[in-house]
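> Residues per chain are reported as follows:
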Amino acid sequence: GAVVSQHPSRVICKSGTSVKIECRSLDFQATTMFWYRQFPKQSLMLMATSNEGSKATYEQGVEKDKFLINHASLTLSTLTVTSAHPEDSSFYICSAAHGLPYEQYFGPGTRLTVT
Amino acid sequence: GESVGLHLPTLSVQEGDNSIINCAYSNSASDYFIWYKQESGKGPQFIIDIRSNMDKRQGQRVTVLLNKTVKHLSLQIAATQPGDSAVYFCAETGGRRALTFGSGTRLQVQP
Chain A
29 GAVVSQHPSR VICKSGTSVK IECRSLDFQA TTMFWYRQFP KQSLMLMATS
79 NEGSKATYEQ GVEKDKFLIN HASLTLSTLT VTSAHPEDSS FYICSAAHGL
129 PYEQYFGPGT RLTVT
Chain B
389 GESVGLHLPT LSVQEGDNSI INCAYSNSAS DYFIWYKQES GKGPQFIIDI
439 RSNMDKRQGQ RVTVLLNKTV KHLSLQIAAT QPGDSAVYFC AETGGRRALT
489 FGSGTRLQVQ P
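If you're matching them up, the sequences are chains A and B in order. Residue 29 is where the first sequence starts when you use the working numbering, and the numbers rise one by one after that. Residue 389 is where the second sequence starts when you use the working numbering, and the numbers rise one by one after that.
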């Protein structure tokens, strides 16, 4: 099956700093990538959808200037959390699709802790 | 479905029993449904899917039932094993919408 990786798997950063999370589709070209956030004991909440070479579409309530998404190639998307605060601590999960939006393959997630 | 807060419903079953996990959805335009399994600290793992032109689909030890009349989806796991312990999410979509995830159910399998 299709494989999606994320790096890093865990990251701890200080409040006010920025952190970048990478999402890679390893064996297919992803025309669309999705970023989700998941708080403890809650469901996945879609943050944004990005298509290769174009600007990401953010969900309502997600600050585009705080969560910068770059989808520069068909195999790589990055999420940068800028000026991180403790409330940004969460599990961030990406998924990649090479067809219709529902044919998504999920990455293993990145645990972000902001101290 | 939307996240319902800090407490996931929990289903506790004995090893070897059958499990039934339920999900309600609200969008009548949804035409494709997926069940995911998520283990602690990992991303969601695809289990089984079903399109709206079907009301039942079977996989290996799993069956998904869809009742469009009442907008209800269920996942049945036969002969539940300890390795089935995880959080299970339903997700739905229609047209070219992104997936919308349900709130999840924690399945605990007692040995």
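In case anyone wonders, no lab produced these hints; they're calculated from the structure. The reader is advised that the hints may include incorrect statements.
As the list claims (entries may be wrong) - Here are a few chain A residues that face chain B, going by a calculated C-beta distance under 7 angstroms:
hint, residue
1, P36
2, V39
3, I40
4, T77
5, K83
6, T85
7, F134
8, G135
Beta carbons: idealized from backbone N, C-alpha and C, even for Gly.
> Hint numbers the structure violates, sorted upward?
Structure breaks hints 1, 2, 3, 5 and 6.
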